[in-house]
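Kindly generate the complete structure, drawing on both the sequences and the hints.
The listed protein sequences derive, respectively, from chains A and B. Using this note's numbering, the first residue of the first sequence is number 1, and each one after it goes up by one. Using this note's numbering, the first residue of the second sequence is number 1001, and each one after it goes up by one.
A hint or two may mislead.
[What the hints assert, rightly or not] Partial chain A-side listing against chain B, Cβ under 10 Å, derived:
1. Ala-333
2. Gln-348
3. Asn-359
4. Pro-363
5. Ile-365
6. Gly-372
7. Ala-420
[Claimed, not checked] Here are the computed distance ranges between Cβ atoms for each label pair:
8. B:Phe-1135 - A:Ser-329: 25 to 31 Å
9. B:Val-1177 - A:Asp-366: 36 to 42 Å
10. B:Gly-1131 - A:Asn-499: 57 to 63 Å
11. B:Val-1110 - A:Ala-371: 24 to 30 Å
12. B:Ile-1038 - A:Gly-385: 46 to 52 Å
13. B:Leu-1308 - A:Leu-274: 32 to 38 Å
14. A:Thr-109 - B:Val-1321: 33 to 39 Å
[Stated by the list, open to error] Some chain A residues flagged as far from chain B (calculated, every beta-carbon gap over 10 Å):
15. Gln-164
16. Ser-176
17. Ile-227
18. Val-320
19. Thr-381
Rather than coming from a laboratory, the hints here were simulated on the basis of the structure. Cβ coordinates follow ideal geometry from the N, Cα and C atoms, glycine included.
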Amino acid sequence: MTASVQGPDAVRMTGIMKSFGGIRALDGVDLSVAPGSIHALLGENGAGKSTILKILRGVQVPDAGEIHVAGVPMTQYTPEAARNLGVAMIFQEMSLIPTLTVAQNIFLTREPRAGRFLLDDRSANNLAKLLLQQLGLDIDPRTPTDRLSTGEKQMTEIAKAISQHARVLIMDEPTSALSTAEVERLFAFLRGIKDQGVAVIYVSHKMDEIQQIADTVTILRDGRHIITKPLAELTLESIIEHIVGRRVNAFAWKSRQVDRSQAPLMQVRNLSGLQKPSGISFDLYPGEILGIAGLMGAGRSELARAICGIDKMAEGEVRVQGKVVNTSSPRAAIRAGIALIPEDRRTQGLILEHSVLSNLSLPTIDSLSSAGFVDDRRAKTVAEGLVSRLRVKLGSLTSPVRLLSGGNQQKVVLGKWLAADPIILILDEPTAGVDIGSKAEIVELIRSLADAGRAIIMISSELAELLSVSDRILVMHGGRITRDISRDEIDGWAENDANAVDRISQMEHGLQLAIQGGQGLV
Amino acid sequence: MSDTRINISAGAKARPRSALLQNWRQHVVYAGFVIIFIFFAVTLQDRGFLHANNLLNIARQTAMVSVMAVTMTFVLSAGEIDLSVGSIAGLASVVTAMGVGSFGVIGGIVGGLGTGLVMGLINGLLTTTIGIPSFLVTLAMMGVASGSAMWISNTAAVPIIDRAYNFSFGSGNIGPVPTLLIWMAVFAVIGHVVLRRTSFGRKVLATGGSEAAARYSGVDTRSIKLRVMMLSALAAAVAGMLYAGRLHSGRFQLGEGDELSVIAAAVLGGTSLFGGRGTVIGSIVGALMIGLINNGLILMGLEYSQQLVARGIIIILAVAVAGRNR
Chain A
1 MTASVQGPDA VRMTGIMKSF GGIRALDGVD LSVAPGSIHA LLGENGAGKS TILKILRGVQ
61 VPDAGEIHVA GVPMTQYTPE AARNLGVAMI FQEMSLIPTL TVAQNIFLTR EPRAGRFLLD
121 DRSANNLAKL LLQQLGLDID PRTPTDRLST GEKQMTEIAK AISQHARVLI MDEPTSALST
181 AEVERLFAFL RGIKDQGVAV IYVSHKMDEI QQIADTVTIL RDGRHIITKP LAELTLESII
241 EHIVGRRVNA FAWKSRQVDR SQAPLMQVRN LSGLQKPSGI SFDLYPGEIL GIAGLMGAGR
301 SELARAICGI DKMAEGEVRV QGKVVNTSSP RAAIRAGIAL IPEDRRTQGL ILEHSVLSNL
361 SLPTIDSLSS AGFVDDRRAK TVAEGLVSRL RVKLGSLTSP VRLLSGGNQQ KVVLGKWLAA
421 DPIILILDEP TAGVDIGSKA EIVELIRSLA DAGRAIIMIS SELAELLSVS DRILVMHGGR
481 ITRDISRDEI DGWAENDANA VDRISQMEHG LQLAIQGGQG LV
Chain B
1001 MSDTRINISA GAKARPRSAL LQNWRQHVVY AGFVIIFIFF AVTLQDRGFL HANNLLNIAR
1061 QTAMVSVMAV TMTFVLSAGE IDLSVGSIAG LASVVTAMGV GSFGVIGGIV GGLGTGLVMG
1121 LINGLLTTTI GIPSFLVTLA MMGVASGSAM WISNTAAVPI IDRAYNFSFG SGNIGPVPTL
1181 LIWMAVFAVI GHVVLRRTSF GRKVLATGGS EAAARYSGVD TRSIKLRVMM LSALAAAVAG
1241 MLYAGRLHSG RFQLGEGDEL SVIAAAVLGG TSLFGGRGTV IGSIVGALMI GLINNGLILM
1301 GLEYSQQLVA RGIIIILAVA VAGRNR
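If you want it as structure tokens, here you go:
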């Protein structure tokens, strides 16, 4: 730890409470970040990380609690107020304008002027150059931004924030789009701005990065502050221990039988995409639920999209019931009996402005038609059946699907594909942004489909959920399968005499290690 | 995120009223049509506005724009646009006139439809396979079509003397009903049924509503886009043939500037410029409304320059009221 600047904390949040519709997202959370330090904020999906950062950025108002930025109390909760206090967030989707130069982007709307009206490009370039040098960045400020690499763009974005006197930088999974070399440069850069007294709040699921870059670690779980400690005093084991904790809401594994002596339903052989995934092979048996775990950017969604004909396949083949499937288009994959519940239900799964009815009938519209004419009565009957089977709560079949809650929207996406009666169902993060009740229903539905002889591939970042349904888990890293974990091995992670809740925590712990271990770490 | 979810559950009870409000906005074109009609009927009473001949004239003048507005509804619903319809109509009128002159009626019809087919194929393929936005493709093809029409006709009108052709395409009346009105009705009915009742129509709306979601659902969005672009050019060719029949000649100027009236008609009628929502009947009423306004302004004795200004203002007002949430 270098250059620990004296004075008040860069950020001091105390007793932050926040509820959404009766569900407590944050329960008296404290967070103090020292200036000139890199502070890792860790926790599972739903632990409250994004909520507390939204509050710090002024996007959401806390129900109770106080916030001081560099000793100044935050009185107003607006993004402008937070920005004026020196809080900046570096977004994944960058705020840079690609056609402008680096210097133009850094000083956008605050350009140095020559006289009243004319902009002074020369001093803008000089100032930018100075700033970039201070940050140890070797970029010509006259370069158009679209010629920069992803990493350079991110660093330009940070330089822009620094030039606006940011004292606190928030970074959420900043390395997911970066190459290894770029990550190295970003870290060197972060160490540089740290020496200038800037505080960095760093959110990541990648423990090897945390161990390289963080000074201090704060862990949240289920909306509560668990621990804040210098990284040096924590081991990877203990960090995961604190992140996972004792689960309260997790679903228990129900023992199921998969008969692997019969012919596999699907065989994937040596499948490679244009970039990711590469060299994927596995078999999927009738009635099997195959979980796929991995960090963001591991190539899990890309694998799903390649199988379903949405992304181009560079190599390999997919066989369903022994026959090679033409995966050149989603249509062909659907005909072969493969259905995908996509990652982003709002853009890929649903047409938000269209009615529940027309969303539900879209994949099966041809079979609902005779001689090209849609049989509306039949479409409606089918939709009503799906709505009651999935217990979708809605006002009317004809109201736009946009009006439904996240959980009900996801049930509509599931319904679309149940109507098509697929042999193989691939679910990509099916419970993201879904309330706990719907989550349980979705998990139950997945089990019943598998029991009926379908095969399921489930991609999820929520490990407890993955562990509760999977008969086998593949761990992916860097586009490849790094582990193939059988149910026996999973069960072996838990102590036999532990109670159900502890067993789930122990298994989650084991899976976390398997995922993190995929990076050649520990 | 989370608070939108709360708003939604709270808003669920209020939904019937907001749905009604939305419907009201979508149907404002019908109310507007009636209001404008009554306004002209009262103010232009003594200038023969309500005269059967005048009303039939409005229908005649609107028929071509209506025919093109039907297919434009499909194009817009699929999230694309076609700016070349007016010039394709002009080119088709010239080709048809030359075809009728050299090879007879059948030759003329084949030539006219063939023109539409070829232009539509070019528009559609450039949009779907190369991925040039349809706005640019059709903007460029607009020049290509009207240039070709001028070129092959030497900028002169090509007369059509075939009675049967002129009767059926635009000049004739069956009883009191102009054939143009029949063409318009046929297009409207077929268009409405196809968009509302067939799987093709649903796929068009899905493609425009969210191309990604449609593709993930197994809709071949490229082929849908190709087909709507072809339908649009074909309808434009038919409109050109109607112009030719009405004026007993093919001229490159026919249909000039119609693309704007056609798009305005569709948008007035409740079709979204951004795709995913469209109504053929609305487009027809939108086209009739534009025809009504043109006719009324002429009867009022406004000069052409004043007509343009007044028409622009009325259209902006109507779209603003109809589509503030578009």
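If any of the earlier hints don't hold here, list their numbers in rising order.
-> 13
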